[in-house]
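Peer 1: Single-letter residue listing:
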Amino acid sequence: MEPTELERIMQHMEQESAIREKMRDAIGDFEKATRVMMASLMSIHSTPVSEVAPLVDSVVKVQETCRGPIATIADLIPENQYWRWRDMYSRHIQNFVFAVALCEYVRSHRVASIQDVTNILGIREEWQDRVRIQTEDYLHGLISVANELSRLAINSVTLGDFDEPFKIHSFVADLFSGFSMLNLKNDVLRRRFDGLKYDLKRIEEVVYDLSVRKLGPIRSKAIKE
Amino acid sequence: MVYKDKDEILAAFNAFREQFDAVNDKRERLIKSSREVTIQSKRIIFLLHRLVTSDSQDDQAIEAAEKKLNHIRTTLLSEIHKEVPTPDEFWLHLRSISPGIQEYLEAVSYVHFLKTKGLITYQEALLWFSDDSKIPFFPLPYDEFLLGISDVTGELMRLAITSIARGGGRERASAICDFVRRCSADFEQFTPDVRELSKKQAVTKQSIRKIEEGESCAMRTKIFLLTSCKANYAVHLRRAEFEDDPTMLDEYVRRSLSSRGRDIDDYAGGEEGD
Chain U
1 MEPTELERIM QHMEQESAIR EKMRDAIGDF EKATRVMMAS LMSIHSTPVS
51 EVAPLVDSVV KVQETCRGPI ATIADLIPEN QYWRWRDMYS RHIQNFVFAV
101 ALCEYVRSHR VASIQDVTNI LGIREEWQDR VRIQTEDYLH GLISVANELS
151 RLAINSVTLG DFDEPFKIHS FVADLFSGFS MLNLKNDVLR RRFDGLKYDL
201 KRIEEVVYDL SVRKLGPIRS KAIKE
Chain C
1 MVYKDKDEIL AAFNAFREQF DAVNDKRERL IKSSREVTIQ SKRIIFLLHR
51 LVTSDSQDDQ AIEAAEKKLN HIRTTLLSEI HKEVPTPDEF WLHLRSISPG
101 IQEYLEAVSY VHFLKTKGLI TYQEALLWFS DDSKIPFFPL PYDEFLLGIS
151 DVTGELMRLA ITSIARGGGR ERASAICDFV RRCSADFEQF TPDVRELSKK
201 QAVTKQSIRK IEEGESCAMR TKIFLLTSCK ANYAVHLRRA EFEDDPTMLD
251 EYVRRSLSSR GRDIDDYAGG EEGD
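Chains as they are written, first to last, in our numbering: chain U, 1 to 225; chain C, 1 to 274.
In short, the hints are calculated from the structure, not lab data. All figures in this text were calculated on a predicted structure; none of them were measured in a lab.
Derived DSS-like pairs (lysine-lysine); straight-line CA-CA distance at most 27 Å:
1) Lys-197(U) - Lys-4(C)
2) Lys-4(C) - Lys-61(U)
3) Lys-6(C) - Lys-167(U)
4) Lys-68(C) - Lys-42(C)
5) Lys-42(C) - Lys-205(C)
6) Lys-185(U) - Lys-26(C)
7) Lys-6(C) - Lys-201(U)
8) Lys-117(C) - Lys-205(C)
9) Lys-115(C) - Lys-67(C)
10) Lys-185(U) - Lys-32(C)
11) Lys-197(U) - Lys-6(C)
Work out the full structure, taking the sequences as your base and the hints as a guide.
Peer 2: Below is the structure:
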């Protein structure tokens with residue numbers, strides 16, 4: 001190789017590794033915040049419904065701190081290179097989706113959309129070619145929520161909340177019918193979707209146990225009649 | 001805009017399905033195109049190996065190869081460009097088309113070597129990934145460039161060995177050997193930055209060994225032949241001397257052969273490696 005050619009390639013490689021280095025810092029901050037959120041959200045399993053609101057508020061506060069690192073990442077990635085760098089941080093995006101979607105469930109029993117997550121993370125429209133919530137990451141996050149809710153179904157019964165498992169059931173069943181519509185290729189998402197039916201089954205068992213004992217919403221209905 | 005009810009969820013997933021299907025279909029098509037690029041590039045390399053025998057025929061072979069490379073460029077690569085018109089999509093599908101890109105680069109840089117005796121530069125390689133008005137089909141990553149051209153060392157090894165075997169090609173072989181050694185040294189510094197390059201470097205080093213062994217094997221053969229001529233001469237000389245006593249002559253041949261036996265074994269052993 002000519003010395004000039006060598007130097008040109010070397011320079012290019014150095015630029016790339018400089019980006020990678022800075023990315024690593026920003027991603028580290030982002031990851032820390034998602035870990036904090038996930039850790040606090042674990043207490044939903046031991047928190048009565050009445051005390052859930054302050055918990056969600058505390059998580060929302062942490063959500064806001066993720067905007068800074070994401071803006072830095074968007075700034076670092078060269079134009080049109082979303083796919084080139086996404087593997088570096090997509091796992092944390094998935095965790096972020098999980099945190100947002102779980103908060104939304106606790107708050108409203110509804111499914112947060114990609115747009116919701118995008119807004120909360122402060123991702124701007126013009127960053128589309130550099131940073132975005134990719135559908136795969138969103139779906140990974142949702143599956144983690146369903147997985148978590150299958151635990152919550154059991155633990156809410158322990159906490160004396162017999163309505164919750166029925167709500168969880170309807171939520172996860174809707175997600176399951178959504179996922180069933182996808183033609184997934186043989187990848188991690190596909191395997192995790194295959195696991196979703198066991199989550200659903202566990203929730204169904206809780207619902208069944210409550211139903212036979214005429215607990216939960218069915219009991220209220222029976223009493224009214 | 002949280003999804004209000006099941007219908008909204010299903011509508012959203014319906015859109016996801018369409019998105020996934022479109023990406024997967026495109027991936028399948030690109031893998032097919034990439035495989036076609038690989039097959040055709042391999043054929044070009046084989047063609048060159050068959051045709052490049054002596055310098056007089058090189059030009060002809062190079063011309064034929066360049067014509068075929070141009071065909072790949074204007075058909076398959078331009079098709080790939082149509083599938084991934086934006087750099088964003090290119091990066092998404094790079095993994096599917098990378099084998100084709102690398103094999104094509106190997107053919108391109110092999111032709112380039114035969115033509116110029118030098119290593120192709122990034123800018124020169126980029127022209128092979130551009131349309132007729134020299135606008136690149138996609139941003140050729142430096143990683144792919146390095147991985148593609150480092151494959152050429154394997155082809156050069158084959159060329160060197162064939163040259164040695166044909167005789168009279170020892171100069172060419174030693175030029176190639178120097179070239180491949182320099183390639184190996186140049187590429188070494190990029191191994192921390194380019195994934196997979198260290199694997200290719202190992203292959204390159206093997207190629208260097210093979211060329212070196214081939215050269216030394218050729219050298220030993222030559223020495224062997226020279227000494228056997230000398231022996232022949234001696235045998236003739238001695239035959240006159242021992243004309244009256246054939247058993248003495250037999251004894252002389254036996255002794256001189258057994259003292260050279262080790263060399264002959266070495267020679268046979270050296271050839272196995274190729």
